[in-house]
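Input sequences plus hints: build the corresponding full structure.
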Amino acid sequence: MTETTRPDPALPPVFDPAQVEVPLYERWVERGYFEADEKSDKPPYCIVIPPPNVTGSLHLGHAFEHTLIDALVRRRRMQGYEALWMPGMDHAGIATQNVVERELAKQGVSRHDLGREAFVEKVWEWKAESGGKILAQMRRLGDGVAWSRERFTMDHGLSRAVQTIFKMLYDDGLIYRAERIINWCVRCHTALSDIEVEHSDDDGELVSIRYSDEVVVATTRAETMLGDTAVAVNPGDERYKHLIGTELVLPLTGRRIPIVGDEHVDPSFGTGMVKVTPAHDPNDFEIGRRHGLPALTIMDEQGVITAHGPFQGLDRFEARPAVVAALRAEGRIVSEKRPYVHAVGHCSRCKTVVEPRLSLQWWVKVGPLAQAAGDAVRDGRVAIHPTSMEPRWFGWVDDMHDWCISRQLWWGHRIPVWYGPDGEVVCVGPDDAVPTGEGWHQDEDVLDTWFSSALWPFSTLGWPDETPALEKFYPNQVLVTGYDILFFWVARMMMFGLYAHGAAEPSKAVPFHTIALHGMVRDERGKKMSKSFGNAVDPLDWMDAYGSDALRFTLARGANPGADVPIGEDWVQASRNFCNKLWNATRFALISGARVGELPPSPELTAPDRWILSRLNTVLAEVDEHYEDFQFAKASEALFHFARDEFCDWYVELAKTQLAGDDAVAERTRLVLGNVLDNLLRVLHPVAPFVTEALWTTLTGQETVVTAAWPAADRSRRDPAAEATVAELRRLVTEVRRFRSDQGLKPGQRVPARLVLAADTPALTDHEAAFRSLTRLEPEADGFSATARVVVGSVTVEVDLSGAVDVEAERRRLTKDLSNERKALEQAARKLDNEQFLAKAPEAEVDKVRTRRTTAEAEIARLEAQLAALPQT
RNA sequence: GGGCGCAUAGCUCAGCGGUAGAGCACUGGUCUUACAAACCAGGGGUCGUAGGUUCGAACCCUACUGCGCCCA
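Take the first sequence: its letters are residues 3 to 875, numbered as in my numbering.
The set of hints was computed from the structure by calculation and includes no laboratory data. There is no bait here: all hints are sound.
The list that follows gives simulated cross-link-like pairs (lysine-lysine, DSSO-like), each with its CA atoms no further than 30 angstroms apart: (1) Lys474 <-> Lys510; (2) Lys41 <-> Lys474; (3) Lys748 <-> Lys818; (4) Lys353 <-> Lys339; (5) Lys583 <-> Lys658; (6) Lys636 <-> Lys850; (7) Lys510 <-> Lys367; (8) Lys169 <-> Lys367; (9) Lys825 <-> Lys850; (10) Lys748 <-> Lys658; (11) Lys583 <-> Lys748.
None of these values were measured; they are calculated from a predicted model.
In structure tokens, the structure reads:
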């Protein structure tokens, strides 16, 4: 593709997205418009993509987020910034390992058959063949990302970054290894961090068990009683004080266990006595630690009971009823509540019920890191948009638990710690020599995927090396992400960003200056989209049917900061219609000879010309204001109304009269049409990149709108007088159209009319031709006889309907208007009769109400006169 | 159980102290020379309930009811 592929200037009457989108995108990439130059003098503007999962495909949530990011970045690029949207993916440890294991299982092979090295090799093969589908889909959406900089969290460079920060944290004592209760997925066979667990209210059972004459405990997981090593009561609970320090025999096991006093026990819950299973419950673990209790693990990594006895070998869910049955046989079941609804944790990847389990894992000590992350927002170095989301942020970072970062997987960054034959533990940095010799081995576990994602804002720019890209683009300007994952990786990026750049000046250490939060995409009934509910939509389907611009514009138009976005097919269709409207308006302009050139000075222009330019420049300013505040919905809405309701419906129609008249006026009209479209297409480009590119290049003959200058609002074109004139003209036209509609006249039917002006009305006298064209009123001819009249203010339009006048329709209309005016008068009068109002309301407000009263009085007089003049039936 | 938020036209949402708005849907009429993926005109809401503050409340305060989300 060497020549500029420009659509035929004679545009077809319907916009066909399928025909233009793919070639346009390919051209953009080929010409490098989305690439960024770290050596440029332009101010930087960098946003990193929230890295999609390598196993994933584009869903509406991505489409939404990408639309917003792309709009921000495209606008800044047009504004002359060195704009970089950094693309890439994360390696999604658990998800990817699961996918590849499933593939292998089809051939009857397990990862253990292959061995670690060969398995990881397989994963890379899988990625090369079928990973990263989403990248192609991003092209369909039109994402203006710098493809030459694409990164992957498992790349060499990013892996170096991971190892570097691990070593830094380890040396600073912020990474440690400890035996704790973790969330264990018995299917994925790995530990999960707290945020990888989803809680839901599930049906379960609550069983009360008599441990002794005086001790009754309740549990939802009866099988864990096999691992009990104590019973606890609140030390202040008078009922049980005497039991503290005594022992009882744990049923089914015959083990003697103590009764301990612990503040953590809530005396008001159940019997006020709790069983303590330190190896299988986080709270019990803490109790156990406080009282030096042993922790008995009674289950293996598959969730199968290992405790000796009749239950050994049973799955945890088989063991549960079996244990209850055995206790019942001994007469120890006091009560059973079934179903008992309670919160149950599930693996966010595979939905398996998570098993709390005592296990030796690696942890990040988040205290100081989270403190710094909170402070960065508190002292204003990082702004959260909208600010209403701040409490959510502080609520999280100010009360964060240590982060479990080890995963019992093979796919991921292997923990860079080596163990020696004599109990040595060595953390190895990226440039350090790995310990060799008899008995040395590396830790088997890999790191949580978020550990590498947390580095994304700077590892993608070359960190830990001091690269020019890092120098230019760190900190990033904005991070755009959903409020639902504010804690997931935003908190982690803040912690690691601030830590890794701790030596930098405080305002430069933050990973980004602004966090812009968006909501979640919902269906047209406001319901959360989910595969299981069956209301999930594939954005590709809508892009195929209506075009990418239609999808993007719909999403942008729904994007209120921090709020969820409902979307339905009807709305995408409406956006498609809007794109087609732009297409046809441009088509009309081109057919009419519109061109982009120097705009004549205002005094040479007609009121409609001056009006549309005034409106354009007002809207341009509004759009800028909204963009600066991440108000995508407002910006899009303003443009939608301007383009459709003002430019297309009124200016273009008025222009038709101007184009048909005086040559000089027609020529100036062509320039105004060209100028408005030129600006409108540029300012719409960030949210509807394809249709605007196709139209703008055709209109201007220039290479691309992608790098065209962002339109600056020209205040000097503001023209309140022209706006008032056109407003009056529009009112007159609408009144006549309403009359015509009431009278059942066909829109195209031409009717003779005479204009009678009671006062000087420039809106009409200067624009009579336009007025008659828009209302289909012909000049009066011989034999004109006025059979009906429309009165609007000082203007009377006498119409010759040649007989058939629908007097009743007219009476209904006038009566309704009269009733409205009387209501308005009553309201105004009531206020003006109120002395308190006169005394306390601001002057301007009182004046406004006075004017309203005067207008209403005049209108009432006019309407009453007209009603009286109607022929009686 | 703790925290945050939301209740405005049939649906989805703006508005957040001075005459109730948009899109879609709806009704009637039109192929009017850019567009029927369009145009013209129209109907539709005592702004969840009850109190309070104010000259004035959809908007501020309190309670209640009903939903949603996050955390435990």
